[in-house]
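I would like the entire structure built from these sequences, with the hints used as guidance.
Protein sequences, first through last, are from chains A and B. At position 90 of the first sequence (counting the first as 1) the number is 90 in UniProt numbering, and the numbers step up by one without a gap. At position 101 of the second sequence (counting the first as 1) the number is 101 in UniProt numbering, and the numbers step up by one without a gap.
Below, simulated EDC-like cross-link-like pairs (lysine to aspartate or glutamate); rule was C-alpha separation at most 20 Å, straight line:
id, chain 1, residue 1, chain 2, residue 2
1, A, 199, B, 90
2, B, 24, B, 82
3, A, 198, B, 75
To be clear, the hints were calculated from the coordinates, so they are not data collected in a lab.
These are the residues of each chain, in order.
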Amino acid sequence: MSQITASEQSTHRQDDAPPGADVPASSQGRQPRRLRVSRTTLLVRAAQLVLVAVWLVAWDLTARNQWITPVLAKSPKQSWSYLVAAVENGELWSNAQATMLAVVIAWVLASTVGVVVGITLGLLPTFERILAPFLDAANAMPRIALAPFFIVAFGIGVQAKVALASTLVFFIVLSASRAGVRSADAEWLRLSAVLGAKKRHLFWKVMLPVATPAILASLRLGLIYALLGVVGSELIAAEDGLGQLIAEYSSLFRLEAVYAILLLLAGIAVVLNQVMAAIERRLLRWQPPADH
Amino acid sequence: MNSPTLHTNTANAQRFGTMISLRKSGVTFANPEGGSRTVLHDIDLDVPAGQFVALVGRSGCGKTTLLNMIAALVEPSSGAIEVRGTSPRDARPHLGFMLARDALLPWRTAQGNVEYGLELRGTDRATRRQVARDWLGRVHLSGSERLWPWQLSQGMRQRVALARTWALDPDVLLMDEPFAALDARTRVSVQQEFLELWQSGPQRTVVFVTHDLGEAIALADRVVLLGEGRILDDVEVDIERPRDLEGVAAHPRYQELYDRFRASI
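Right, dumping it as structure tokens:
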């Protein structure tokens, strides 16, 4: 579709060649590039596997030789057998479900409110000036300290976890959206005004698209923070959830279970991050690739 | 000067007479320190329909402010200004606008960027597609419709901007150093493209701000020199059309005008 035929090419002035040979999308131009990229990807994946293996061996050696306090020195094998047992008795699944439900609710809720408030503040500078110190103060508060408050207020169910996680996600998304809508280029606005853009046009066609990369990045970060907030709240007190499991096994000195759950959480975070990155790439396909 | 386009030109001139008229217009900006700074004063300027006027002068002479006034981006502090017989703001649907930087929206394809102005003016989707495709073809970018701005060279981007401007079928083209950001060779090719577009269609009124004296003489019918907020000189170029850029530079009149203005730029 985007091929420039030979005859059209000749009508182009030579000085006007597009940057990078791959751009006119001639089939020869693109193929080697993709191959090169996949070869690097392969290398990256292989190196990552090696790192994981090295780390597992180090962990195993530490446990085997008791290089740290015996109560902490649990081997990967012990963690693995806990994991298998916990999957079989359903304990892992029901608690992971409880955690993820709270994560999703907090993330969706706080992101929606954060985007709306952030954009509003971005568009109303005076309003923003009034609220800025209060927002900064609220954001500077150690959120984990609010956990007891939320637990007393909402009980040990899902609401307390959602509340705590939301206070984290909200501010992340808010500041990104606020900065995002303000980053519109003055020339775009000047041109749009002369071409007859109304305020709503400027909002939908310039300010919102220009804010999208920042907002998406904050949503990705927000998802991870939602997980941190929920698990933090569960650690303090909750009826279920992975954080609650960690707290329980810690008190029983069953560190192999704690390690297993921590690794599971890390795995969940990686998967969530990858999913969000894929969505970002799809929505931001108009952006030049990072190596451009 | 007996090309068929001249008839349209005269028809426009009869319909609107002068396309742009400024009477004792001045612009004063307030300083942050509380004082004020007069950028333009007592500007009297009439631009007949179909005329190509270049505004030249040193930076800070007020040429961009004058253009912004015609585009209704700046209100005159004194005097009167009319565009197409009405206020500049009401004339906006008939204006095209081009800037030094292409101002393409990075999240729109070449095609989408050409459609942008049409979209703002409420043209339906099918017409928009068709018109944008046509104009991209006219600036030799057929086949690049679906490329994103970062995939285009500077010259290609500025040609997309040309297509976007022309797609609106404006009576008045306002151009603020449109080719200043291009490298020398690309500039010539885009200038030539622009000149061909302008000479081929119904003749549109152009107000063209530039600090490049050669460009002004080669392209315009009339060169207006601004300095210290005033009009210092106002000359008809008087080189026959259609012109091509290489031929113009060899014209004796070109050299004459160049020498006349050079001292004051």
